[in-house]
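Colleague: Sequence:
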Amino acid sequence: MGTGKVYLVGAGPGHPKLITVRGLECIQEADVIIYDRLASPELLAYASPEAELIYCGKSPRSHALRQERINQLLVEKAREGKVVTRLKGGDPSVFGRVGEEAEWLAAHAVPFEIVPGVTAASGAAAAAGIPLTHRAYASSLAVVTGHAGEKGEFCPETGAPTAGRHGIECEQTWAALAGGVDTLVFYMGMNRLGDICRSLIRHGRTPATPVAVIQWATTPKQKLVTGTLETIEQRV
Numbered sequence: 001m002g003t004g005k006v007y008l009v010g011a012g013p014g015h016p017k018l019i020t021v022r023g024l025e026c027i028q029e030a031d032v033i034i035y036d037r038l039a040s041p042e043l044l045a046y047a048s049p050e051a052e053l054i055y056c057g058k059s060p061r062s063h064a065l066r067q068e069r070i071n072q073l074l075v076e077k078a079r080e081g082k083v084v085t086r087l088k089g090g091d092p093s094v095f096g097r098v099g100e101e102a103e104w105l106a107a108h109a110v111p112f113e114i115v116p117g118v119t120a121a122s123g124a125a126a127a128a129g130i131p132l133t134h135r136a137y138a139s140s141l142a143v144v145t146g147h148a149g150e151k152g153e154f155c156p157e158t159g160a161p162t163a164g165r166h167g168i169e170c171e172q173t174w175a176a177l178a179g180g181v182d183t184l185v186f187y188m189g190m191n192r193l194g195d196i197c198r199s200l201i202r203h204g205r206t207p208a209t210p211v212a213v214i215q216w217a218t219t220p221k222q223k224l225v226t227g228t229l230e231t232i233e234q235r236v
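Residue numbering for the sequence shown follows this note's numbering, starting at 1 and increasing by one per position.
Hints are computed from structural coordinates only; laboratory data are not their basis.
Note that beta-carbon positions come from the ideal geometry of N, C-alpha and C, so glycine has one too.
One or more of the hints may lead you astray.
[To be verified] Pairs of lysine-lysine residues, derived as BS3-like cross-links and limited to a Cα-Cα distance of at most 25 angstroms, are as follows: (1) K223 / K17; (2) K58 / K221; (3) K221 / K17; (4) K58 / K17; (5) K82 / K5; (6) K58 / K5; (7) K223 / K58.
[Stated by the list, open to error] With beta-carbon atoms standing in for the labels, derived distance ranges: (8) K58 / P220: 19 to 25 angstroms; (9) E29 / Y137: 39 to 45 angstroms; (10) R22 / V143: 21 to 27 angstroms; (11) T231 / S62: 32 to 38 angstroms; (12) V236 / E76: 39 to 45 angstroms.
Input sequences plus hints: build the corresponding full structure.
Modeller: If you want it as C-alpha cells, here you go:
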C-alpha cells in the first residue's frame, strides 16, 4: 500500500460558509479528519459517513492531543494509505502551527498540501465593517501574536509578548510596531490587552488611537467592543 496524502486545511474564521471551495473538497474526500477547536463543527457534516473523525482541540488550559501526538497521527494515517485532512481554524499559515506539521511530514516523506483559509484578521475586520487598510489612513498592516510562545517570551520590563525566537529585543519590537505600522492586528491577545496597549503608548502611539476588540468573529457569539488605546481595557 502506498503512502496517502495530508491536506493542511484552513477552515476559515468561524462561520462554516467562509471555508474555501478547495477546503470543502478536502473535507468531503477525506478518509480521516483531524480537527481542532476553532474549526466549525458544522463542517464535519460534509465528511463521508465512513470518515474517521479525530478531535485534537487545544485551549489555554487543556489539550485533547499534544502537538507531538498530532504530528505522529498525521504520519501514521497517511502511511496507511489514507487521505488525511488536518482541519484548522482560520488560515493554517497564520499562527496555526502549520510550519511544524509540514516540517514533520516532509521529514517523514509524507506528501502534503497546504490549503489556505480566510484568516481571523480578515474575517473579524469584515464582520465588524472595519477595513484593514485605507487609502487615506492605513497603507501598512502587521499581524502579531498576542501571547507568549512555548518558551514564555515576554518582555521582563513590560510583560508584553516579544519576538524572542528570532533574537529581536522587545523594546525594538514594540518601537517598530508603534511607530512603523498603520494597522496592527493582535491574535489571541485578550489576556494581555492592557500590556499591549501600554507598550504601544509608551513607544509613541497616541493614546487616542482607535481600537476594536472582536471575539468569536463571524459566529453567532460575535462580540465587538470599541475604544482607544487608553480606554479599551476598561470597556472590555
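Colleague: Checking one constraint from the list: CA of K58 to CA of K17, max 25 angstroms. Satisfied?
Modeller: Cα-Cα ~23 angstroms, so holds.
Colleague: With a cut-off of 25 angstroms on the C-alpha distance, tell me whether K223 and K58 pass.
Modeller: holds, 21 angstroms
Colleague: Taking only the CA atoms, is the gap from K221 to K17 under or equal to 25 angstroms?
Modeller: Holds - the C-alpha atoms of K17 and K221 are around 16 angstroms apart, at most 25 angstroms.
Colleague: If you draw a straight line from the CA of K82 to the CA of K5, is it 25 angstroms or shorter?
Modeller: Holds: K82 and K5 sit about 7 angstroms apart, inside 25 angstroms.
Colleague: Sort out whether K5 lies within 25 angstroms of K58, counting only the CA atoms.
Modeller: Holds: K58 and K5 sit about 24 angstroms apart, inside 25 angstroms.
Colleague: Between R22 and V143, is the Cβ distance one that fits in 21 to 27 angstroms?
Modeller: holds, 22 angstroms
Colleague: A range of 39 to 45 angstroms was offered for this pair. Does it hold for the Cβ distance of E29 and Y137?
Modeller: holds, 43 angstroms
Colleague: Check whether the Cα positions of K58 and K221 lie no farther apart than 25 angstroms.
Modeller: holds, 19 angstroms
Colleague: Assess, step by step, whether the Cα of K223 is no farther than 25 angstroms from the Cα of K17, and give holds or violated.
Modeller: holds, 19 angstroms
Colleague: Using the Cβ atoms, figure out if K58 sits within 19 to 25 angstroms of P220.
Modeller: Holds, at about 22 angstroms.
Colleague: Kindly confirm whether 32 to 38 angstroms is satisfied by the beta carbon distance between T231 and S62.
Modeller: holds, 33 angstroms
Colleague: With respect to the beta-carbon atoms only, verify the hint that V236 and E76 lie 39 to 45 angstroms apart.
Modeller: holds, 42 angstroms
Checked against the numbered hints given earlier, this structure breaks none of them.
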